[in-house]
Amino acid sequence: MSRAMEGVRRVNINGATRNLLVGCAYVALLATLLWLAQSTLNNYYLRILAVIGINIILTVSLNLTNGFAGDFSLGIAAFMSIGAYTAALLSLPVAMKTASFPGLPAWLQTTSIPFLPATIVGGAMAAAAAVVVGVPVLRLRGHYLAVATLGLMVIVRVIANNWQDVTRGARGINGIPPLSNIWWAFGWAALTIYVVWMVVHSPYGRAMIAIREDWLAAQARGVNVLRTRLLAFVLSAFFAGVAGSLYAHLITAITPSSFSFVITFNIVVMLVVGGMGSITGSVIGAVLLTLLPEGLRQVETALAAGGTPLYGLSQIVIALLAALVMIFRRQGLLGGREIRLPGMTER
Amino acid sequence: MRRTWAFLSLLLAVSLVLAGCPAPVMTPAAAPAATEAPAQETAPAGEPIKIGALYGVTGGMSSIDGPGLNGFKLAAKQINEAGGINGRMVEVIAIDGKSDQTATTSATTELIEVHKVVAIGGLNDSTFALAAGPIAQAAGIPFVTAGATLPTLPEQIGDYFFMAPFGDDAQAYAIADYAFNELGARSAYMLVDQAYDFTTALARFFKERWEANGGTIVLEDTYNSGDTDFSAQIARVKALDPQPDVLFISAIPNEAGITTKQFREAGLTQPIISGDGFDTPLIAEVAGELADDVYYSTHASLDNEAEIVQSFVAAYEAEYGRRPENAFAALGYDTMNLIADAIRRAGSTEPAAIRDALAATQGFQGVTGVISYPEGQRKPIKSVTIIRVQDGVYSFVTEIQP
Numbered sequence: 002m003s004r005a006m007e008g009v010r011r012v013n014i015n016g017a018t019r020n021l022l023v024g025c026a027y028v029a030l031l032a033t034l035l036w037l038a039q040s041t042l043n044n045y046y047l048r049i050l051a052v053i054g055i056n057i058i059l060t061v062s063l064n065l066t067n068g069f070a071g072d073f074s075l076g077i078a079a080f081m082s083i084g085a086y087t088a089a090l091l092s093l094p095v096a097m098k099t100a101s102f103p104g105l106p107a108w109l110q111t112t113s114i115p116f117l118p119a120t121i122v123g124g125a126m127a128a129a130a131a132v133v134v135g136v137p138v139l140r141l142r143g144h145y146l147a148v149a150t151l152g153l154m155v156i157v158r159v160i161a162n163n164w165q166d167v168t169r170g171a172r173g174i175n176g177i178p179p180l181s182n183i184w185w186a187f188g189w190a191a192l193t194i195y196v197v198w199m200v201v202h203s204p205y206g207r208a209m210i211a212i213r214e215d216w217l218a219a220q221a222r223g224v225n226v227l228r229t230r231l232l233a234f235v236l237s238a239f240f241a242g243v244a245g246s247l248y249a250h251l252i253t254a255i256t257p258s259s260f261s262f263v264i265t266f267n268i269v270v271m272l273v274v275g276g277m278g279s280i281t282g283s284v285i286g287a288v289l290l291t292l293l294p295e296g297l298r299q300v301e302t303a304l305a306a307g308g309t310p311l312y313g314l315s316q317i318v319i320a321l322l323a324a325l326v327m328i329f330r331r332q333g334l335l336g337g338r339e340i341r342l343p344g345m346t347e348r
Numbered sequence: 149m150r151r152t153w154a155f156l157s158l159l160l161a162v163s164l165v166l167a168g169c170p171a172p173v174m175t176p177a178a179a180p181a182a183t184e185a186p187a188q189e190t191a192p193a194g195e196p197i198k199i200g201a202l203y204g205v206t207g208g209m210s211s212i213d214g215p216g217l218n219g220f221k222l223a224a225k226q227i228n229e230a231g232g233i234n235g236r237m238v239e240v241i242a243i244d245g246k247s248d249q250t251a252t253t254s255a256t257t258e259l260i261e262v263h264k265v266v267a268i269g270g271l272n273d274s275t276f277a278l279a280a281g282p283i284a285q286a287a288g289i290p291f292v293t294a295g296a297t298l299p300t301l302p303e304q305i306g307d308y309f310f311m312a313p314f315g316d317d318a319q320a321y322a323i324a325d326y327a328f329n330e331l332g333a334r335s336a337y338m339l340v341d342q343a344y345d346f347t348t349a350l351a352r353f354f355k356e357r358w359e360a361n362g363g364t365i366v367l368e369d370t371y372n373s374g375d376t377d378f379s380a381q382i383a384r385v386k387a388l389d390p391q392p393d394v395l396f397i398s399a400i401p402n403e404a405g406i407t408t409k410q411f412r413e414a415g416l417t418q419p420i421i422s423g424d425g426f427d428t429p430l431i432a433e434v435a436g437e438l439a440d441d442v443y444y445s446t447h448a449s450l451d452n453e454a455e456i457v458q459s460f461v462a463a464y465e466a467e468y469g470r471r472p473e474n475a476f477a478a479l480g481y482d483t484m485n486l487i488a489d490a491i492r493r494a495g496s497t498e499p500a501a502i503r504d505a506l507a508a509t510q511g512f513q514g515v516t517g518v519i520s521y522p523e524g525q526r527k528p529i530k531s532v533t534i535i536r537v538q539d540g541v542y543s544f545v546t547e548i549q550p
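If you're matching them up, the sequences are chains A and B in order.
So the first sequence is numbered by the working numbering: it starts at 2 and just counts up by one.
So the second sequence is numbered by the working numbering: it starts at 149 and just counts up by one.
The shape of chain B in the complex, shown without the other chains (with noise of 0.2 Å):
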């Protein structure tokens, strides 16, 4: 009898969770549209529009994943509070993806079909865009990512998949622009993490334009991430003679303060050089004033003059209480407006429409650079800011277009 008792509770249980699938979703997806139900009466006409934001907020990529999702917010904001688009309100819809492939799919699959969103921005790592992109390709549904800067994904993914950033391919060649003709350096070593596909594909396009320019690469070297000892690769650089006149480390933020650190305190004094990996605030917090003559290539400058760049920070600190904390923030907030731009060109939320209006985006104003999309390409050409990092300060130098 209690067996009995057991497998009807058991049943009932199961019948529930079928039943009722959709049922714990709609009850939090309501509750949204009933605390915004004031603002959808001022709002001038029709429905808000749907944008999803796709962030790993959590785990892994939350440290330029959270900034991100914040700029991203913040446009959104300034749209509303400007009039929306086309007199219809922005309504962002943020889900975690948990930086976890499995979440980030779930997350895009309910973007779509649940809240129908009619088009998507988010995520800095390639890894996550590769498994999310195609699920908005094959849904019809435009996906910009914020700084995911695989140079291929357009083409692995399809024609409804944008980059808002430029590709590795034109930061590496901007870094080694800049070190073999500003710094004067014609040797280099390079130390390459094997676990990210950031990583090796910076390395592979520095190389390659180094080698361009006629510079040596006098050693390659390896790591994994998530290492914390590098005596080793130390000491192979320490064995060369002659010493290579700059160290270009392609790394993820997390080992980029101490590979900094335990390479000048083995006494090797050279320019560190590297991409976007290193724009992050752990060079000067873990390496402290040996944070010295360090340059790396990235999206934009926080302090750069121009006045879209500091009414951004001052929006940022305004909203936020704090200075935007990298540039993936600046990203997230260009990635909104790449988007609210298209669909107000476009003069509709259709989805086909609003992927037509991104194709042809030309010299849209952005804190991150202008962005252009090539006849056919949807990566843009866009400048590359060189940043300094010395005695634990980071500086604007200057902004190259590769």
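Chain A on its own, in the form it takes in the complex (with noise of 0.2 Å):
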């Protein structure tokens, strides 16, 4: 009896520094891997992950709105334009800004912050914006809430066009320093998942799943059913707002139209073909839908130097794939379940 009891405390310590422990080996696992890529992989390979980690951020970060909470969000442009325009601002060198932005406010054009914090103040600016929109647009449910979100996008869209002492309108900014890189790529999509988790994981997750659930139900056993909705309409557009900043950092450029609905589709495809509700099935949706039509490519350029011209095969691949995952597993590669890795406790 005695001795039961001791081995029970002793797995309890343990289990605190087993978990802290587990934590360090996969930084020390997803850094070591990383290094290696950095060291063998050419620029090519090198963009194609950066995209990658991109993507993890936005799918698993959509999963939070769109999976846990159950609201079908689409405003995922909106939010990484936002996140994009505001960290490349603050980002680009004085004196190009002073060249190219000639009707910006006199504090903005004087300064120039390095990445990271761009990036954070990029994301903050999402987030403030999802709580200005969330307040009103979350009273919407299901396809209004999808329809309001989407207005969302338009409205961000038309503003970036039209605004044009800040954001050039349609010209967009360019020679945007190219800091992104897997490093930054992976390091956020490895605190996306983490904070992702936790959430979820939390008294506030099991709020989440539960108004997903049923949000009448909910309420009536006192879950606050806006303020739990808000909290991941909002966590979610920060790391929409980072994705941005990450995207414009990448690509150099960014324009109104590089936030097009294309870009949320793409996002919800990963999610939905990666199964709704399960991080890891974001993870890999992510993975696997940017490998993919970069693949196909490979096999267009291929087919088209042998004189079989094929392009647009890999958007038919990749729509077809997706019809597919939906008559044929509806809920996902995943379904809702989440791939444990080994050494993690169930919490």
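Below, simulated SDA-like cross-link-like pairs (lysine to any residue); rule was C-alpha separation at most 25 Å, straight line: (1) B/Lys386 with B/Gly415; (2) B/Lys225 with A/Leu311; (3) A/Lys98 with B/Asp307; (4) B/Lys386 with B/Met338; (5) B/Lys198 with A/Asn43; (6) B/Lys355 with A/Asp166; (7) A/Lys98 with B/Gln525; (8) B/Lys264 with A/Gln39; (9) B/Lys225 with A/Val300; (10) B/Lys198 with B/Gly235; (11) B/Lys355 with A/Val167; (12) B/Lys264 with A/Pro179; (13) B/Lys225 with A/Ala306; (14) B/Lys198 with B/Ala505; (15) B/Lys264 with A/Leu304; (16) B/Lys264 with A/Leu311; (17) B/Lys264 with A/Asn44; (18) B/Lys409 with B/Gln538; (19) B/Lys225 with A/Leu304; (20) B/Lys264 with A/Val300; (21) B/Lys198 with B/Ala287; (22) B/Lys198 with A/Pro310; (23) B/Lys198 with A/Asn44; (24) B/Lys264 with A/Gly307; (25) B/Lys198 with A/Gly307; (26) B/Lys386 with B/Asp539; (27) B/Lys386 with B/Arg334; (28) A/Lys98 with B/Ala286; (29) B/Lys198 with A/Leu42; (30) B/Lys355 with A/Trp164; (31) B/Lys264 with A/Asn43; (32) A/Lys98 with B/Gln285; (33) B/Lys355 with A/Ser101; (34) B/Lys198 with A/Leu304.
Between beta-carbon pairs, the in silico distance windows are: (35) A/Cys25 with B/Lys225: 56 to 62 Å; (36) B/Asp451 with A/Gly307: 34 to 40 Å; (37) A/Ala320 with B/Glu195: 35 to 41 Å; (38) B/Lys198 with A/Gly337: 44 to 50 Å; (39) B/Gln549 with A/Phe262: 39 to 45 Å; (40) A/Asn225 with B/Ile365: 53 to 59 Å.
These aren't lab readings, by the way, just hints derived from the structure by calculation.
All C-beta atoms in this analysis are idealised placements derived from N, C-alpha and C, irrespective of residue type, glycine included.
Bring the two chains, given one by one in their own frames, into a single complex with the hints.
This is the structure in structure tokens:
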């Protein structure tokens, strides 16, 4: 009896330490993999990897609203756009600002801050926009919410197109310092996964899932429905803004049309194919649907060189894949389950 | 246990993806080499020279990038039939930019890092050129844009970036001069698409020249690409008194037909003038017989009697079974030939040597005009073609040196 008690206590103490150790081990593993990639792969593969990292951030954060809280939001391109523009305006060298942005407020024209704070501010601006928009918009549910968030995308685009002094309108911002790399992309991706995982396994996360399953019942049990949904919405927007900043500093040129419905569509497909309500599913969806079009494009290029140009093949295959997943595996590849890595405790 | 298996298989999948990253590329990359092996044997000397063709052949740019790529490949084929460049064959590696910035930048890096091209040509829009150009610049690979006309591109991107077309300033000046001098117009109405660099820049340069010539702008109105109803704008024009002499519409090909149609249907009969955004069959297709008295400036007219133009049209027709769709086919053709000319003169396939030879280009005879780069500039001085559409028929009017 006493030995059994001792055993339980030992496991508990070791459990906390072990969690920390396991966490450190995974960070070290990720760093090693990134270092390996950095030292062996050429710029092309590194760029694709960076895109994968950005797509993981977007998909995992979208999962919070669409998968866990059950709100079908399509505003991701809008939040990316806000994050991208904010971060780009902050990180552009002062000399370039004075040349290209004569109409900027003086304080902004004479400041240029490093990538990390610029990205955080970009995310924060997106989150702030989500708070402002969220309160009225989250009164809606289902496809009403989807259409309202789509409207948000149009509004942001119109503002970006017309606020000439700050966004340079349709000409967009170019010459953004190329600071994004796999370290930033996967560092932020790891943070996103960690935060979303923690939230989902906290009382807030349980409240989100309860709302998704039956919001009336959740409300009756004392869950503050609006506040919980807003939390998911704002957190998701923050990471979308971060991803926007990473995107801007990867592509180095952004225009209002960079953040169109196409991006939203791609991310939603990654989410749905991976399985809504599964974080690991989102990661798999993002990896798969970034690599697949790239791989298929190689086939297109090779076919064209061989005399049979079949450009557009990759888009058709992706769309077909999405349709097939919906027909045969509506819950997505992982269907709301998680793949647990060894050493990770059930929370 | 099931969980362990799931994890193990995931681990396997991930490691395969990571370890085998180059694998999916290697296979298809090897494929063209295999199919072209016989061509290589007959090649006079050495490996083929790899040149990248970057076009958005799917998506929004496809109607002009598709013909552009066809023209580009046609030029390469003719070069190879004539014995290649300095005895080496040309291999064009064409990657689809999908009219998407992310895909375009990935494709640019792929051309440089995986296929090791010595120069890149293509892209007909500034939005994509601004994303792809800096990558080539950083890698020290010459990039020649076939049709992006934002005049500040070479300065914005750097000394490895060249333009095959004239800038928007040149084409805007040309149509402004033509309307002022030849059509005798003195007052103009402007309708500007707010969604593109190209349309806003074209309008800015038009206005600058028009006012310098002594003309007046009676009203400036706007819309956004994708709009399909122009009745509000038309009502504002009709309310003008006196009526403007010409209607300047700064549009991309998408709206060229629909604006013409709606303005004519509303009973506005003034000449409609524009830039190369109007160089599309859509005017005649959408507006039909209403496509009357439309003038636009563009890169080339396929009706131009000049021998170089007619032999290009004939070769394109023989290769693809149809006439070149628009001037962008000719621009693609010229871009490939311009790069080949530079490699020939450089006597080397070192990207830096090609860059220097490109910068020294003087009097290069292209289908779209004579290309010369003035000292220290990478935007050519070129003639601009004016085209008239009458009863749905396009005809060559004149060439202007703005």
